[in-house]
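Hints in hand, dock the two standalone chains.
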Amino acid sequence: MRKIFSSVMTLAIALAMAACGSNTNNGSRKAQELSGAGATFPLPFYNVVFEQFGQVNGDQVAYGGIGSGGGVRNLRDKIVDFAGSDAFLTDKEMAEMAPVVHVPTCMGAVVVAYNLDGVKELKLSGEIIADIFAGEIKMWNDERLATLNPDVKLPAESIIPVYRSDGSGTTFVFTDYLTKVSQMWASKYGAGKSVNFPSGQAAKGNPGVAGVIKQTKNTIGYVGSEYAFAQKIPYASVENQRGEFVLPSSATISAAAAGDIPADTRCSITNSDAAGAYPISTFTWMIIYKEQNYSDRTKEQAIATLDLLKYILSDEAQSITSEVHYAPLPAKAKELSITNLKSITYDGVAVLQ
Amino acid sequence: MNDKLYKVLLFAAALIMPIVCGGVIYALVTDAYEAFEHFGFFRFLTSSEWSYTEGAEQYGALPFITGTLMTTLLALIFCIPFSLPVALFVGEYFKGTRIAAILSTVTDLLAGIPSIIYGLWGFYTLRPLIMAFNISPQGSGILTASLVLAIMIVPYAASLSAEFIKMVPNDLKESAYSLGATRAEVIHKVVFPVAGSGIFSSYILAIGRALGETMTVTMLIGNTNNIPDSITSTGNSMASIIANQFGEADDLRLSSLIAIGLILFLITAFINLIGKIMIKRARIV
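These protein sequences, in sequence, are chains A and B.
When you line the first sequence up against my numbering, it's residues 1 to 353, in that order.
When you line the second sequence up against my numbering, it's residues 1 to 285, in that order.
It is worth saying that the hints were derived from the structure and are not from the lab.
Note that CB positions come from ideal geometry on N, CA and C, so glycine has one too.
Check before you lean on any hint, since a few could be wrong.
Covered stretches of chain B, going by a simulated chain A footprint (3 or more residues, C-beta under 8 Å) [said to hold, decoys possible]: (1) 120-128; (2) 165-179; (3) 238-247; (4) 269-280.
Stretches of chain A that chain B covers, calculated by requiring three or more beta carbons in the stretch to come under 8 Å of a beta carbon on chain B [to be verified]: (5) 162-169; (6) 185-196.
Some chain A residues judged to face chain B by a derived CB distance under 8 Å, without partners named [said to hold, decoys possible]: (7) 67; (8) 69; (9) 70; (10) 149; (11) 153; (12) 154; (13) 201; (14) 202; (15) 203; (16) 204; (17) 215; (18) 216; (19) 218.
Here chain B stands alone, though its shape is the one from the complex (with noise of 0.2 Å):
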């Protein structure tokens, strides 16, 4: 009887997620349809032009998907060199000792700070150091935003990347030892090529949060709709136009912006797609 109620609550529990998810897309694509319709698929997602001059409305989402693109791939360039000493230190070279938990738990701490903390870190410190190095005139901009994204996504990077390296089995490595092998080969040899789904799995999961960050974005890259001509331009993202002009938008403007919602929610979910291809691919290696 027990086993019946349990079966039966399980159930329940697992098909709320597909259903939540499939609602989501309904909803999305529903309410998007106007757009697509109006301008055409295609020419939506490759037409540069965001403009509201009344009834000649042109909104296309090509600057936004550029400025999504450009932040995420920038912050997790960024984020690389910081995430993988770190979950070495951690997983490897320190595994155990007192001082790699104390810095894995500093790092999971960085997770924890909201986003508008980030923001206002970047506008006040960061965005005046951009300014004062010359790097641009006006501090806000793609490279301002990847900068502060790419620490915010450190401790994602970094602990699960950690929790793989430790899990790179001793006999591997104590052979490699016995072969003579110095610890940077180890690291080279075995560690990564054994974790190496692992770690790739991690900055997979780190880029979905890249992806979908709003506020710092909205608070350091300018908010221009157009597509930025270098990394220190301003540009616009995808979530962060949504965010600023959702609030006045009706009509055509409001269904674009739901359009650019769809666009994003297929992106993030293309990319996890590739993500679990990877590692089944690095699995069978």
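Looking at chain A on its own, in the form it has when it is part of the complex (with noise of 0.2 Å):
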């Protein structure tokens, strides 16, 4: 009995020694709780800077990988502090809902990941991996497939695309390239979350995708980058618009970013025209109300959901995106975003001073 109570106590104290833990901060104000909902693609990323940020501010962020679709939903709901995605909200949605705003956190890729015994190195062109995917080239030897990977020793197998089964962001960064570069592609099934694609199997979620490929010899299929690289499955280098076959990095994913980006910073970089730059990469965004009172939220959350993307847009939480295979956003994304976010408002009055 004796010792039940005091390990009953101990937790207790332990318990409290938590609670106030978590309401050290700069002094300004209460630890908030925040609650974000969303991408998948991101996740990797985002795992690490909300863990950053509540050591610097005592906030907690908790964030559901639900998926694009689902995060904006969410918000829409009204029952989350932001949403995540990777497809920026079109502007018939945008008439839907409360006005928004959009910012940008960090820049990803989206890899064309494959399973081929013996292959390290694979180069496809655009229009190659819309065939694939529409099912027109079926066999790994195809002659376009051989033609492009001259060294390469390419099995005389069936190949089996894998695509995602849920709605997706990932699916619409891959969709939107390839509606970019195949006039049959845009014409028979375009660009969006979810798309009827032809032919192979679907799995759900990145990670979900990911297994696949690594389980099935003769797989090809596209993943968030982060999630090919901690599966350990090789990607392909895609041809750009300037003809260069290139991989994805930190590097070539910036440089996509090289181009115009409006004001709202809703924009799509994939196909970009830019020297060396990633054709499939994609920016993911945090989107939040610009009316911050709503669903009973006080002002001190307002005040810690934008502490929150101020940190993200820091040199400080940026540095971070390379080290789990994201890119950090380019100069110009990072102004119009600290301008967007100055005019967000609680009861009408700007937040951000």
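This is the structure:
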């Protein structure tokens, strides 16, 4: 009995200390609990950033990786502080909800990963990728693949494309690219979070697709870069607009954002014409409401949300991106975002001075 | 006084289930209405198109109904050779012995394993085997899902069947033996006819489990929204398409998914009804 009592007391004290611990911050406000939901694509980056952010301010950020569309729906239902999305909202979606602000958090690549015995390097062009996923190139030893890869011994096996069974921002980025590079893809399938892939098999989430590729010979599929790195599966270099074959890396992803960025940062950077750019690159965004007073949120929560976004835009957080195989935002995107954050209000009053 | 209180309490408790059930049906029907109205009930049932193209969305339930029925039927077929011997072993041949107790405990333990574990086992162990034996190049598919489902439903079929086999009166069996019947003849001519309806009902319960299984099927079936053309090809089941797409769906697609949920509900209810009728008939004979 005594033993139980003492262990309960220890637990209570530990809990109390933990509670105090989470309250320590720079003194200007109480530690907050923020919640967000959305894309799984930037999740490995967010996991690190949220932990670091918690150490600075004592705030806790809970993020549910439920997919970009689910995140946006949660934001529309006003049950989260922010949504994560790999696809920016369309004008039509924007019109259906209260004004929102898009804040890019980092850049990433969708890689074309494959599982082929003995093949470590593979070159692909946009049109060939489109034809493979449309089921028009069926065999690995297809003439067009062989011409691009003269030094690679391609097996006489059927290609098994792997795609996402759930709606996904990753699918959007990938099909957005295919739509730009292939007339056939644009007219038959188009771009979207869910697309009617005609052949192959599907799996749920980035980890699901990466798992199937890793486990199945002769497969090819598209995943967020970090998931291919984590599973140690090889990925192809993809031909960009200038005819260079580029492997995804922090440098080649950054190169893709060399062009103009609109004031609201909503832009697609796939198929970039910049030199050295990896063509299936994207921004990933956090989306928040312009007016932060909704669903009984306190002003402190609004401040904490903005603190989080400011932290993500800071050099410290941006330097984490390349460690987890994403790429830092270009200076232009950061400047625009800081300006956009200044337009965030609580009860009509700007939160940031 | 106490009696009255009990009566009221029990009545209230008994009322909750029908209310919940009615509520579920009501919610399913109202949310599915949009899809049925847009596509027409029978066209929704018989259309094999599942297309997201904006403006020309086409949602039909046939691929998923086929997928669910195929996996369930195959799982049932695969499960019989494993569950029936276990039931006979535990309920007849080694009835009351220690080894029977161990076997039945182990079988029951299978029922307690979370479905995600079966899914992972299927994905990392069975799938590579299917590929290694060249049964299908992509490993996933109706067959893979059915095999794992079969293992999952063995405990449901086996332990209930064993109970019914145990309940066969000794008088009957002994009189058969006294007439010179062998053990096989007793099982064939006495145990099965007497316990038949019970065994049947245990398989109905097992089917119910297989129909609604989601996680395992999603991991193994390949998730392609078309009608499978053979048992080794990929497909999708009703529960699996809902689990996969519910998070992102809205408007017409959301309504279509709920309509699929309603159809699954109706199929399950229908199969249970058949089970009930069969049991009643068997008893009269």
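Worksheet item: Against chain A, does the region 269-280 of chain B show at least 3 residues with beta-carbon separation below 8 Å?
Response: Since three or more residues must qualify, the claim that chain A covers the region 269-280 of chain B is violated, with 0 doing so at under 8 Å.
Closer than 8 Å, Cβ to Cβ, for at least three residues: run that test on the region 185-196 of chain A against chain B and report holds or violated. holds (count 6)
Would you check whether residue 69 (chain A) satisfies its interface hint, that is, whether its CB is within less than 8 Å of any CB in chain B? At 4 Å from the nearest chain B Cβ, residue 69 (chain A) passes the 8 Å test, so the hint holds.
**Study point:** Coverage of the region 162-169 of chain A by chain B (three or more Cβ within 8 Å)
**Key:** holds (count 4)
Given a cut of 8 Å on the nearest C-beta pair, is the interface hint for residue 67 (chain A) held or broken against chain B? holds (5 Å)
Minimum beta-carbon distance criterion (8 Å), residue 204 (chain A) to chain B: Status holds, d = 6 Å.
Given hint residue 70 (chain A) near chain B, where the shortest CB pair must fall under 8 Å
OK, holds: residue 70 (chain A) within 8 Å of chain B, min 4 Å.
- request: Identify whether the interface hint at residue 203 (chain A) stands, where standing means a beta carbon of chain B within less than 8 Å of its own.
  value: It holds, given that the least Cβ distance between residue 203 (chain A) and chain B is near 7 Å, below 8 Å.
Exercise. Classify the hint on residue 216 (chain A) as holds or violated, based on whether any CB of chain B lies nearer than 8 Å to its CB.
Key: Residue 216 (chain A) check passes; min Cβ-Cβ to chain B is 6 Å, inside 8 Å.
- Does residue 153 (chain A) pass the interface check with chain B, least Cβ-Cβ distance below 8 Å? violated (19 Å)
Item to complete: With chain B as the partner, please determine if residue 218 (chain A) meets the hint condition of a C-beta pair closer than 8 Å.
Response: holds (7 Å)
Verdict on chain A covering the region 165-179 of chain B, where coverage means 3 or more residues with a C-beta closer than 8 Å
violated (count 0)
Taken one by one, the earlier hints fail for this structure at numbers 2, 4, 10, 11, 12, listed in ascending order.
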